[in-house]
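A.B. asks: Next come the chains, spelled out residue by residue.
Protein chains: 4
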Amino acid sequence: MCRWIAYTGEPIFLDRLVTKPAHSLVEQSINATLQYKDDGSIWTTNGDGFGVGWYADRSEPGLFKDAMPAWNDQNLHELCAQTKARIFFAHVRASTQGGVQRNNSHPFKYKNWLFQHNGDVEGFSKLKRTLQNEVDEDLYPMIRGNTDSETSFYLALTYGLQENPKHALEKMIGRLIRAQEEAGMNPDLSFSASVTDGENLYTLRYFTPGATMRTQFYTQDMARVVDVGGTAKKSEWPDKAVVVVSEPLDRLSDYWTPVPEASFMTVRNGAVKIEPFTPQRV
Amino acid sequence: MCRWIAYTGEPIFLDRLVTKPAHSLVEQSINATLQYKDDGSIWTTNGDGFGVGWYADRSEPGLFKDAMPAWNDQNLHELCAQTKARIFFAHVRASTQGGVQRNNSHPFKYKNWLFQHNGDVEGFSKLKRTLQNEVDEDLYPMIRGNTDSETSFYLALTYGLQENPKHALEKMIGRLIRAQEEAGMNPDLSFSASVTDGENLYTLRYFTPGATMRTQFYTQDMARVVDVGGTAKKSEWPDKAVVVVSEPLDRLSDYWTPVPEASFMTVRNGAVKIEPFTPQRV
Amino acid sequence: MCRWIAYTGEPIFLDRLVTKPAHSLVEQSINATLQYKDDGSIWTTNGDGFGVGWYADRSEPGLFKDAMPAWNDQNLHELCAQTKARIFFAHVRASTQGGVQRNNSHPFKYKNWLFQHNGDVEGFSKLKRTLQNEVDEDLYPMIRGNTDSETSFYLALTYGLQENPKHALEKMIGRLIRAQEEAGMNPDLSFSASVTDGENLYTLRYFTPGATMRTQFYTQDMARVVDVGGTAKKSEWPDKAVVVVSEPLDRLSDYWTPVPEASFMTVRNGAVKIEPFTPQRV
Amino acid sequence: MCRWIAYTGEPIFLDRLVTKPAHSLVEQSINATLQYKDDGSIWTTNGDGFGVGWYADRSEPGLFKDAMPAWNDQNLHELCAQTKARIFFAHVRASTQGGVQRNNSHPFKYKNWLFQHNGDVEGFSKLKRTLQNEVDEDLYPMIRGNTDSETSFYLALTYGLQENPKHALEKMIGRLIRAQEEAGMNPDLSFSASVTDGENLYTLRYFTPGATMRTQFYTQDMARVVDVGGTAKKSEWPDKAVVVVSEPLDRLSDYWTPVPEASFMTVRNGAVKIEPFTPQRV
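Chains as they are written, first to last, in the working numbering: chain X, 1 to 282; chain G, 1 to 282; chain L, 1 to 282; chain E, 1 to 282.
Since the hints were derived computationally from the structure, they do not count as laboratory data. Any given hint could turn out to be false.
Identical copies go unnamed one by one, so any copy, or any two together, can satisfy a pair.
Below, a list of computed lysine-lysine pairs in the DSS-like style, where the Cα atoms sit at most 27 Å apart [unchecked claim]: (1) 111 / 20; (2) 166 / 20; (3) 109 / 240; (4) 84 / 37; (5) 166 / 109; (6) 233 / 84; (7) 273 / 126; (8) 37 / 126; (9) 20 / 240; (10) 233 / 166; (11) 240 / 126.
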């Protein structure tokens, strides 16, 4: 279980979303409200590491990750206060698969691509070797940690993420389901994930029947959302800004739109397109 | 805000209290139930570091501290599973004063003494220099971090902790109150602390009117408490065992006795003595 | 490149070998003298993490590992000053394969077994998947990091380390060499490793022609070695003590015996047996 | 003992000085060549933490510090590859006074000011309280660590660093010397330090007779220095660039000018002014 945000639009300082809002991502690292445990109680703490990935002056993104909680990390606050980006991801982790170490923090990076994930692939430790054997030979050595999330990303890259993101992610989910079935399990996985090449932002929301639901929201009305008091002027809004989140950055706002189940979202140049997402057997 | 436990009795493995009980100290690092914020809500997370201090084959205790959360720390689990001690302290931290760094984790050690604290000295950053100027010249260079807790320990040492613990702690609290008054504040501090020389265990519970209450409990019936199922045999109980905690290690048990407000407790050879605690002006 | 020590004998405090000698393992973490770079200069620094594993009151060993340098780690000093063990391993790391993270620090543990390694398997990142596919299905999920060393340990376990250590290690080295050959490389690996089940200590020294040499020494005359001044009395010596090291714990002593190339050493009850080590094709 | 660099000029990516040159600052963290121990041997390792401070779009600088070695820190490499700055400081630490913790890593920041130091104030732990009592009441609470360097910075701020840097630094050194004398010591301190307000760069090189010398060099010919192969074109050079370092970023170049002993240097708009530095009694 984890929380994440993704931004695309005119360059803004990262702190506008990561540290400053009333229910910022850093606040969600210690007081999350919309993620549930199997027993129905709320999982408030995402203290097993964090990461940010951002695109500024280079085609490849920068990456800053640590295995500490986000809430008291001075480096994270400093970086977010100084850094402007046109696209950025930020993530706080509650570990389900894989130990608490920097390499297991999200986002994951491959060339100009970033990937981050909230969710779980049930039984991953038993499926890991089978799934990693699917990964392209040239990509495999780049897997550094031992999470279901990172392996999923490299599967998607193997299935053509760079050419056709929707198709590749549908194949990746299909492959995970097949692996669970072949291991004698009922399909049981949940994915609220985002991925970007530094130009377009794609997100995925999918879970098998019975799996714990993962929320996902977006807004094209960022200034109002972040400026809880409601005094932001139109001119202060970043142009063509779209924000996608695990849970809203304020606890009140009506300006967030839930992303439907089994959806694939494409954000490009301020426009949002939502399509059905259907896992493909590989 | 923090949680701690203190044990004295026949040597036991640390894991019996720190990691194994249903509501062990490590469980309290992520799901504490009895500490309150100023708004009355519960402060569940103590993820800003941890520490254990233990007495085994030497007169000076061992100390293992880190600035990471306790809940996923493999080193802590390993150490507690291997180490037996006749007296030990363990602490999980939620920082109020002083940054998240190893030197600020409790317990604090001076020669054969250990000290740990749950509570707060309001306005400490403004009082720090005045208070540190009170500390004995030979002791001052040993202060390594910047918490109110560590400075309080060194004040108590300055006031004769090694000769008369109760008296020294009463002077220490009195001095903190005077410093607050002289800075134009109302007295506002809370202390649930324990201290030991490796032979005797002393605890203190005190808070000024209006300060957030800190709970403290003890038991002389350890086996029943830890063995929630109730199958422990008398012969498995460690002899002369006394456990003092911030909150009980199970959520059910009737075997815990609350320590009254404004109390000083001495535990020696399995016997418990509780006396009134009255701050002394210095 | 790394440095390690292994001890077996009457229980002693770990500090007698890890922190106190003139050229202790901790001193070797910053001032190693006997490891060479390819250009012939000396590789002095082993600052990419450390670990100790020790057998005390349980059949399974305790494990304490971190990704920080050993030389300033207060926890390591405290643990070694308090802990007595009848067998212990200690290791300081200079990373060659695999990132600097706690899971990649040595020793590695499986049930009652410990393993630690100084050396390198050239081209491991390209061989990793092939080699991990050899690992037994039940063992594979326990691999936590991404070093050549840990994979080698799990290969040896797969080949029967628990039944016949010498045979299993010979197969492991043979399998590594075959993997290099099948990838079109010349065999290029170096191993100075130790392994124990908590009763017997086994070490291995082997390197292919042209690989950088790794030193290994042992002594049965521990007190004289550690007590550089030469004042230790016979009665202070731990009984049946044998120490194996990457480099001597003093820089002067004549009391260390080099382990020959291509050797397998068994230490049991104070006695040392050295046999030729011959890689076996698998 | 430590190594540092300071840059001022047209904005450049930090990696051009911190990670890319043959003898970059990161390389100096493990293979420094120009710092000596008291016995005349070379102190090669600066592995007790690192930090960078940079001025980009805000008047206050960003700060990124850690207590790990720089040589393998992926975050540092990422940050330096992505971040452009018109002024930046970078520092690798070998601890002399104060523990290895993030708060003790350089640079230190106060409002728009940065400070970093290579050197030592002998006997600081005994002088610390006296010196900290000199620090202005409003500044004192901002001291977070326990190094001689940070206290020196706050002393300089107390003596008017923001109004007259040279004068304030001369008073600071004078005050340190007086403290040593009053404690019955011979004056024994060494300072190679840099300080900036985000507009001007000031450096100081001073040591008392008998103290270990600290080197300091500068260049106004940056491109040739960094581009060891000598193929950089004039047009690629950042305008008005000045670099000051503890030791040159290549091991060959003739393009570095040693800063004389007892000097105060001011760098403004590409111009360098060097004045005598004379400690003032306070």
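A.B. asks: Could you run down the list of hints and mark each one as holding or not?
C.D. replies: Do the hints match the structure? See the list:
1. For the homomeric pair residue 111 and residue 20, the shortest alpha-carbon distance between copies (19 Å) is at most 27 Å, but the shortest distance inside one copy (30 Å) is not.
2. In this homomeric assembly, residue 166 and residue 20 never come within 27 Å of each other (Cα to Cα): the closest approach is 33 Å inside a single copy and 38 Å across copies.
3. In the homo-oligomer, the alpha carbons of residue 109 and residue 240 lie at most 27 Å apart inside one protomer (25 Å), although the nearest pairing across protomers, at 36 Å, exceeds that limit.
4. Proximity of residue 84 and residue 37 under a CA criterion of 27 Å is satisfied in neither setting, with 35 Å inside one chain copy and 35 Å between copies.
5. When the C-alpha separation of residue 166 and residue 109 is checked against a cutoff of 27 Å, the pair qualifies only within one copy, where the shortest distance is 18 Å, while the shortest distance between copies is 42 Å.
6. Within a single copy, residue 233 and residue 84 get their C-alpha atoms as close as 20 Å, which meets the 27 Å cut-off; across copies the closest is 30 Å, which misses it.
7. In this assembly of identical chains, the alpha carbons of residue 273 and residue 126 never lie at most 27 Å apart, being 36 Å within a copy and 40 Å across copies at closest.
8. Taking the shortest Cα distances, residue 37 and residue 126 sit within 27 Å of each other inside one copy (22 Å), while across copies they are farther apart (40 Å).
9. When the C-alpha separation of residue 20 and residue 240 is checked against a cutoff of 27 Å, the pair qualifies only within one copy, where the shortest distance is 20 Å, while the shortest distance between copies is 36 Å.
10. Taking the closest pair of Cα atoms, residue 233 and residue 166 never come within 27 Å of each other, the shortest separation being 36 Å inside a single copy and 45 Å across copies.
11. For a Cα distance limit of 27 Å, the shortest separation of residue 240 from residue 126 qualifies neither inside one copy, at 43 Å, nor across copies, at 44 Å.
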